[in-house]
Every structure is written in structure tokens, then in C-alpha cells.
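A.B. asks: Could you put the whole structure together from the sequences, leaning on the hints where they help?
There are 2 protein chains.
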Amino acid sequence: MHRLALEKRTLGVSFLPSGKAQVLVWAPLAEQVELILNEGNTSVPLKKEDFGYWSVITDVIVPGDPYKFRLNDEQEFPDPASLFQATGVHGASQAFDETAFSWTDDAWQNLPLQDYVLYELHTGAFTQDGTFAGLEEKLDYLINLGVTAVELMPVAQFPGDRNWGYDGVFPFAVQDSYGGPEALQHLVNACHQKGLAVILDVVYNHFGPEGNYLGAYGPYFTNKYNTPWGPAINFDDAYCDGVRRYFTENLLMWFRDFHIDAVRLDAVHAIKDFSPVHILREMKEQVNQLMEITGRTHYMIVELDLNDTRFINPLEEQGYGMDAQWIDEFHHALRVTVTGENTGYYSDFTGICDLAKAYRDAYVYDGQFSPHRQKTFGVKAEDNPGQQFIVFTQNHDQVGNRMLGERLNELVSFEMQKLAAGAVILSPFLPMLWMGEEYAETSRFQYFVSHTDPDLLEAVRQGRKAEFAAFLAQGEAPDPMAEETFLSSKLQWELLEAEPHKTMHGYYKKLLKLRKEFPALKHLNRKCLEVQENEAHKTLMV
Amino acid sequence: MHRLALEKRTLGVSFLPSGKAQVLVWAPLAEQVELILNEGNTSVPLKKEDFGYWSVITDVIVPGDPYKFRLNDEQEFPDPASLFQATGVHGASQAFDETAFSWTDDAWQNLPLQDYVLYELHTGAFTQDGTFAGLEEKLDYLINLGVTAVELMPVAQFPGDRNWGYDGVFPFAVQDSYGGPEALQHLVNACHQKGLAVILDVVYNHFGPEGNYLGAYGPYFTNKYNTPWGPAINFDDAYCDGVRRYFTENLLMWFRDFHIDAVRLDAVHAIKDFSPVHILREMKEQVNQLMEITGRTHYMIVELDLNDTRFINPLEEQGYGMDAQWIDEFHHALRVTVTGENTGYYSDFTGICDLAKAYRDAYVYDGQFSPHRQKTFGVKAEDNPGQQFIVFTQNHDQVGNRMLGERLNELVSFEMQKLAAGAVILSPFLPMLWMGEEYAETSRFQYFVSHTDPDLLEAVRQGRKAEFAAFLAQGEAPDPMAEETFLSSKLQWELLEAEPHKTMHGYYKKLLKLRKEFPALKHLNRKCLEVQENEAHKTLMV
Chain D
1 MHRLALEKRT LGVSFLPSGK AQVLVWAPLA EQVELILNEG NTSVPLKKED FGYWSVITDV
61 IVPGDPYKFR LNDEQEFPDP ASLFQATGVH GASQAFDETA FSWTDDAWQN LPLQDYVLYE
121 LHTGAFTQDG TFAGLEEKLD YLINLGVTAV ELMPVAQFPG DRNWGYDGVF PFAVQDSYGG
181 PEALQHLVNA CHQKGLAVIL DVVYNHFGPE GNYLGAYGPY FTNKYNTPWG PAINFDDAYC
241 DGVRRYFTEN LLMWFRDFHI DAVRLDAVHA IKDFSPVHIL REMKEQVNQL MEITGRTHYM
301 IVELDLNDTR FINPLEEQGY GMDAQWIDEF HHALRVTVTG ENTGYYSDFT GICDLAKAYR
361 DAYVYDGQFS PHRQKTFGVK AEDNPGQQFI VFTQNHDQVG NRMLGERLNE LVSFEMQKLA
421 AGAVILSPFL PMLWMGEEYA ETSRFQYFVS HTDPDLLEAV RQGRKAEFAA FLAQGEAPDP
481 MAEETFLSSK LQWELLEAEP HKTMHGYYKK LLKLRKEFPA LKHLNRKCLE VQENEAHKTL
541 MV
Chain F
1001 MHRLALEKRT LGVSFLPSGK AQVLVWAPLA EQVELILNEG NTSVPLKKED FGYWSVITDV
1061 IVPGDPYKFR LNDEQEFPDP ASLFQATGVH GASQAFDETA FSWTDDAWQN LPLQDYVLYE
1121 LHTGAFTQDG TFAGLEEKLD YLINLGVTAV ELMPVAQFPG DRNWGYDGVF PFAVQDSYGG
1181 PEALQHLVNA CHQKGLAVIL DVVYNHFGPE GNYLGAYGPY FTNKYNTPWG PAINFDDAYC
1241 DGVRRYFTEN LLMWFRDFHI DAVRLDAVHA IKDFSPVHIL REMKEQVNQL MEITGRTHYM
1301 IVELDLNDTR FINPLEEQGY GMDAQWIDEF HHALRVTVTG ENTGYYSDFT GICDLAKAYR
1361 DAYVYDGQFS PHRQKTFGVK AEDNPGQQFI VFTQNHDQVG NRMLGERLNE LVSFEMQKLA
1421 AGAVILSPFL PMLWMGEEYA ETSRFQYFVS HTDPDLLEAV RQGRKAEFAA FLAQGEAPDP
1481 MAEETFLSSK LQWELLEAEP HKTMHGYYKK LLKLRKEFPA LKHLNRKCLE VQENEAHKTL
1541 MV
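Sequence lines, in order, name chains D and F. For the first sequence, the residue numbers in our numbering are 1 to 542. For the second sequence, the residue numbers in our numbering are 1001 to 1542.
Hints were generated in silico from the structure; no laboratory data involved. All the given hints hold, so there is nothing to weed out.
Calculated pairs, DSS-like style, for lysine-lysine (alpha carbon to alpha carbon, straight line, at most 30 Å): (1) F/K1375 / D/K284; (2) F/K1522 / F/K1502; (3) D/K502 / D/K490; (4) F/K1502 / F/K1194; (5) D/K380 / F/K1284; (6) D/K47 / F/K1375; (7) D/K375 / F/K1224; (8) D/K224 / F/K1375; (9) F/K1224 / D/K224; (10) D/K375 / F/K1048; (11) F/K1008 / D/K375; (12) D/K380 / F/K1224.
Computed from the model, here is a short list of chain D residues facing chain F with C-beta under 7 Å: (13) N223; (14) K224; (15) A238; (16) C240; (17) D241; (18) P276; (19) D308; (20) Q318; (21) K375; (22) V379.
Every residue, glycine too, gets a C-beta built ideally from N, C-alpha and C.
C.D. replies: Next up, the structure:
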């Protein structure tokens, strides 16, 4: 039987040293599976194996060949483990040898987590070019700024060529419009040669609404749980073994075959898993084994809307072993302090006292009643060091989920923005910048998609309008489908030469330099930290 | 604010030393709440407090008074924390002073868990009388048999007067047709005076389909999870604090005010809770505190369809701290060994090898692929002692969920039944008998209900027919609604005087005596146990 292998990819089409291809598909309810090439003119039957897997070793397919699978002698579908969808989510998969790249990063060693200074960016909007190649040209800029780790918003293939990335439907495939898998390998290699770590945003809690053919292959979803995106991904119901392996292989692939240093796992609170061993814990155990084999270090960082240390506690303490988590609460406390906003989830925060608590305890809610959530929320994180928490003045969500996509600098004064940046960069946590904030970029980051299904498009448009109906006074929500919405979200690099952007850029550089050079600021032990807040004067001394 | 108190009941109507009643209702979305007495002629407004509670202290209500609550000046409903529904689930609640009973069990001390020999019974079907008073008359019989703990199937108020108990809708109220709350206190007192422990079956994973008025009071349910019974009880969504407190108070009440020694928590795998602190763990922490205060000992035993030691591991090891769990797998392995059945969940078992594994490892599936579940199932339980596992040759489910409700002795020979009884009673686990098996009772235990809602009745009838459509050759499924189905499920005590029942009864007594007297058989450490199976000869040496 083909089992998950740490050393190499097993799902999908993989090339063996002999040059032959090993093909492996999980389709536990299928009666027949064939590999289809040459636009349907060549078909190779796969043999049924244990536990719903189908496989064949063949020499009819070589890297670059388009292929699909035909199920039950009926319909043809792209490969769930496709590495490249050269013609988009509905087209054929394209065979790719992920082991062929000539890496020159042997000397690279991942940074200690406490030295991470993160920079979140959207590949499409970061440069005019909107590709990995375009991004590569900016690496020196980032290094010069003082960033140590580039965090890419999801690059898994999504429908069309404009999307934040959370509508991905091929977790193993690298977005064609960004340059595909080889360009990603090239980018990571370049980062490593320059001393930058690479964090990849991966989505294991839902699939996008267009181009998801997984249902044809097997029970990837379960009705046991309801999520904002419909039925949950099946991590603990019947047939979950195949689904768990699928995502575990995916994670191992990014680390092993793309040399990714860390992943940012999207919204892991929406991964519903009551198994005795939570999928995140199982993944961590596998990654630990991979690191034993390769000698490289990899981190797992989670986006987590729960103040629950179970996720970040070590495996030995029955935790899931995640290395770090985003703490939105720090953001919310800071945001309310600088803008006074009080709607939605901001209503749980009052300002400087919450910020003081975040400095002291990481979690603001660690056992108190949350009016917004209408329940007691959180546990204490006193034993979790500062490097387990990622903080920011803004991220893609906090900016892009506003109706108009305004960045913080559009909402507060120049001086206030500087204060906020200082609060983050000099915190006893890991700071993360959102692309462009370092020079007070003025372009808004808006919600954009390029679905091709007209019904879906109309539904997204209407949904967006309804969501922001109460904000009509501020104008109309931009059309997510319009190319213009995407184009206007791109960074305007020319601003760097103008004021006040130049000054802000210099200020960020100085802050990051301070953090790097002063030992006290690199010390992420909150227990050595004194925090004094004064609500009346709205001051905070750290 | 009224908080959960360990020392006394707070929800519902409780009587103070002054004679006045303290009334507390959780209705977080209500605009107005009134206590209604005298068939609507007296109303006392409740005052809104924090966190959705409403309360008043009043002298207009005394024990025995019928009452309801009127919500929003509109409809009237019985009390969610009612102790007595003297006229059934749709009628008024009846005030009851749970502290008024004159206990005479001061000398009683709960038995060490390892000395538990359990006897599961259905109060209605155990005697002709079908009440707690009827049951009391049989206590000497049970003691003479060698039983040490009586386990009552659920007694929470259900619709009508015939029900297994899993359709309960008032977790705090004791079924009127069994004799109500005072009769239960009387029974427990009598058990304790005779040296018997009492286990109560409580259902915290669903409510019955008729007479459930909780929805009028608050968000007791959540759509986040789907269960076989519809939306899950809300243990982790918005407003869950009130729901968690409701069930925690319920558990504390049985222990504190009814002197229950242990609970058997129904199907805890269907309690969906992703909170940082699982509700079972939270309950255990509260029970530990209660035991500190009262000096009495109480156990929490769970029915659990998961081989997951997280539930039964100690709190210190991040477990939920449950004292013991039922292991259906031991039953299934034994059952397949003695009957050769192979459909449904029995298809995961082949016979004597599985039974040998159950003796050695408690869990049969502890990391293997389960064909019936279509996934890898279970973890190892090597550090969990034998007293954490309850075993049986049959229970109410294994008998009653058959179309015709046949007991094991109807399906296997007299000698085989004896062998099976020996396998359970001399096992390194806690043995449980199912009422009547000790004398090879011939009446079948069938599925019976007495809903009053005609649409629901018809649905149950049709559902039952459809469930057993494949078994038409064996005859027709008995009508769950017919009184005859209930009456014919009652024990026939006169059999005890006839053969072969008399012989079987003597045999069980001897087995239980052996278990009690031989130190080796009281030793519940599987690590001192040698098991040798021989599949060809179908023998097992322990």
C-alpha cells in the first residue's frame, strides 16, 4: 500500500528517478479511475488499492503534460493534488516535477522564531507586475527596511487571476497568474540567498466556491459541522483518513519541496476536529519527523480567533504544538485606542487599559465575559512566551474588510500612526507589517475576485452590497469583480520618494533597527516587563 | 449577581430558611418575565439581572404550588429547572423543597469504584408497580445477588408515563409516574441504609422531541453542530454560559440534594464543545469542589462511543477527569464470539481474538482502521486501570435496539450464557448486569414511548417500521406506542422459582461471590493479566 511518505510527495503525479511517473489518487467510492492524456485520446487505468487509493506507475506522462482523471468511465476532472493549473481551475492539471529545481540555498538556516519580523503581502497587489518575479525585485527593499520574514497571502490556485487567495480550490497548485510552482521555488531560493525567511499562508478550513471538484473524488466534507462556508472539511467523520493525509501531505510538500520556512494556517478555529489527535497536532508530529530527516527548521503559525493555549502549548503538555498565533486582540485594543471605533468586535474593547493588558497577558480576554461574543472567553496564557504571538497595527483583513478598504493611515494622523507602529514594533511579541504601511501607502486594499461563474459573481456582488448597506453614507462599496478594484489596490511605489511617505519609511526603518539592536527589545519575556497605564491621560508606559 | 453556588440549588424555585422562595430564571433575550400562580390569577414580576438572569424573592409561593413563567407578557411556560411536573411535560411546574427530606444515611460512604458491581434497570419495567417504591422492595434481592450499585435509567420527566427515559425534557424534574422527587430521595436513602450505591443516568447531549420549551427561554441550542437529534445543545456558542451553568447545576443537584453516588452521562461523544475547558472537565472541577465541602464521594461515568482516553484521563494530565466509561467494544467482541453476528457495528469484530485484545488493552480499536467507521479509530489506553471500564454481556441498548428486543438468553444456549456471564463478571473491569439477565428473564425489552403529540407518534411508528424493514421475515416490529409493548417488557419475577431460571440465578450469585472473595479477581490491573487465545479451538485463557 502507498502510505504517506515524509521524504517525498505521494499524492497526484510524481516523477521517479527512472523518469516514470507514479500516479496516486484517493477516490474511495469510485468504481473506476483512469489517467487521461492527449485531450482524451490516451487513457491509463489505475489499479485499486487498500483504503480507497488508486495507483499506477507509467511512462506515458512527462513533466509539462496536461492531464485529468476520468472517474467511473464518465466525467473527467483535474487532479485534487495538482501542482499546476496552467489554464485555471476548470482546465487540465499540468504535470510538474517538484524535485527538478536547482536549489542554491544550502547555506540557508531558518531564523530563530524570536528574530522574525514579518511582512504580509499580496503577490498580485505588491507590485505592478503582480508576480513572484516582480516580488523578487523588491527583496532588497524589504531587507533594507529591516524585515526578516516575508509572508505571502495564499498562492493556491483560485478561480481567475484576481483574488485575495482565500477562494483557492487546489491546495497543492501554485497560482498560474503569479507564475506557477517553479516561479515560487525561484522566489524562495532568492529569499534564502538574501537571508529572508518565507511564510506561506495556507487554507485548511474551507475551499472556494468555484472550481472545487473534490466532491467528485470522495467525502472531503462532512455535514456534522456547519461553517460560514457551508459543510466543514471532513477531519473526523467516516473517510477522514484520506482527507487528513491530503492536507498533511500538502503541508509537508511546502516545507520539503518548496523550502517554505513557516506556514500561516488560516482560521484554524474553523477546522472542526474532535479526533483523539487533532489534525494540527498530527501535522506537527509529522513536521517534527520531517525536520529530523532534513535538518531544516519549520514553524507553524496559526490564525486563531480563540484565546485557547491548547493550540500553542507544546505537544508534551497535550497541546497542538503550534509555534505561534496571530493575536487580533492586540490589534483591536490598539485600534480602539487610536481610533475610538466601537462597532462589531471592537465593542469588546475600551482602549488603553485593554492595550496594557495585552502587553502584560497577551490575551485581553482570558476568562472574562465578552459582550460581543456573549460568553465567557479565553484562558490565561501566562506560560506562553512572547514569540508565540504575532501583533500588527493592521493586516489584510483589518484593512480589506472595511467597505472602502482604508488603511490605518487614512484614518488617523501621521503622528498617531507612528505611535501605533512603535506600539507594535517595540512590543514583547513578534511584529508584523502589512505591505505599504511602512511608507503610509495611500491606495486602499479592497476586496477583489474574478470568478467566472456568472451566478456566483452576482451573489458576491449582492452579498457585498448587503453587508455594507448601513454604510451608504460613506459611498458605495467598490465592485469586487471590477479589474479596477484590483488595480487600485496595488502599491504605489513612487510614493516612497515623496513626503510624508519618505519620513514614515525612515521612521519604520529606525524602529526596526532599534528592535534589532537593543537587547531589552529583543527579550520576549513579558515577566520582565512593567506596564503602567493612565486612562485619564491616555498614556501607557512600557 | 446570582452565581452558581456549590452549597445549594440556585436555578428555578428554591426555598430559603426564612420560608420565602428565591426564584431565578435564565432568559437572556426576554423583555419581561413573571412568575404565574393560581392558574394565572397571581403574577410576580422578576427583576432583570446581569448575564440574562431574572430573579425575585417572594413569599407568594410555597412547596406544592403549581406555577409557570410568563415571558414578554405573552405565553406561559413551565420552569426549565422544574423539580416536579406533577401533570406531565405540558402542565405547570410544582414547587418542591428539595432540602426538606429527612435523610437517615449519614453513616453511608460511597464504595471505592473498584468495588462497584453495577445493575442497570428501568424503573418502570423492573417491577409490576413500575415506581421507585416498587423498586425499594427489591433492594434486598439485589444485595443478596451480590450487586453493589443500582443504575437507574434516566428519570428526568419525559412525555407520558412510558419511555426509556432518553426523551426527557426537564433535566431537573423527577418523572411523576415513578413517584416524583421525594420518592427518589426515599429510594436513595433506603439504598444507602442497605449499603447500595445509586447511579443515575443523565442526558446532557439532547432533549426529547415533545414538551421541550427551552427554546422560549434562550439559546439552549446551536446550529454550529448537527446531531442525530437536530441542532446540538449549545455548550460553546454565544450564550453558552447560561447553558453550561444549567447542566452543571443539574449535576451538582443530584449529588448534593438527592445523594446520588454516581452519574452515568449518556452519549457524551454527542456533547459538542470546542471550548478551552470542555464542559465535562468543568463539571468534574465543580464536583471536586462539592466533595471538598460535603466530604462525600461521587463518580462520573460516561457512555462514550470513542476510544479516546482524553475523556477518562485525570485533570492533571489535561484529561476531562471522568472516572470510568462504558466499553461497548468489549460487549461487541464477546457478542460476536458467542453469537457469530456480523452486521452493523458487529462487522468490525471477528470474535475471540478481539475479546483477547479487550482483556489486554480495554480498547479493541486503539489505532487500527475500522471498516465499519471507515476511519482509523482509537488510541491506546495502557495507563488507564480496569476500574475505568464498565463491561457487560448486554445492556438496555443492545437488547432493546433489536427489532424484537430479545435478550441474550433468547439468542444463545444456557451454557453459552453462563460462559458470557463469567467472561464479564470475572474480567479485570467493572461488571454491569442488565436487569433480569441473572435469572435468564424471557420477557423481551422493547422500545416503548407514550408521546401525546399525534404527529410525532406517527413519525416514531413509521421511523421504527422503516428501520426494521429489512427484518420483515422475523415478524413485525412491536408498536412503540402500545401499552402492551411496555407491559410485556416488564420482568416476570415469578420465573425465579422455575427452572432453568433458578439455576442461572444461583450461578450468577456464585460468580459475584467469587469476584468478591478472590483477591486475584478484585485486582483490576491488566498488566498482571495473562491472556492466551486460540482461534482454531475458539478458546481463551485468562
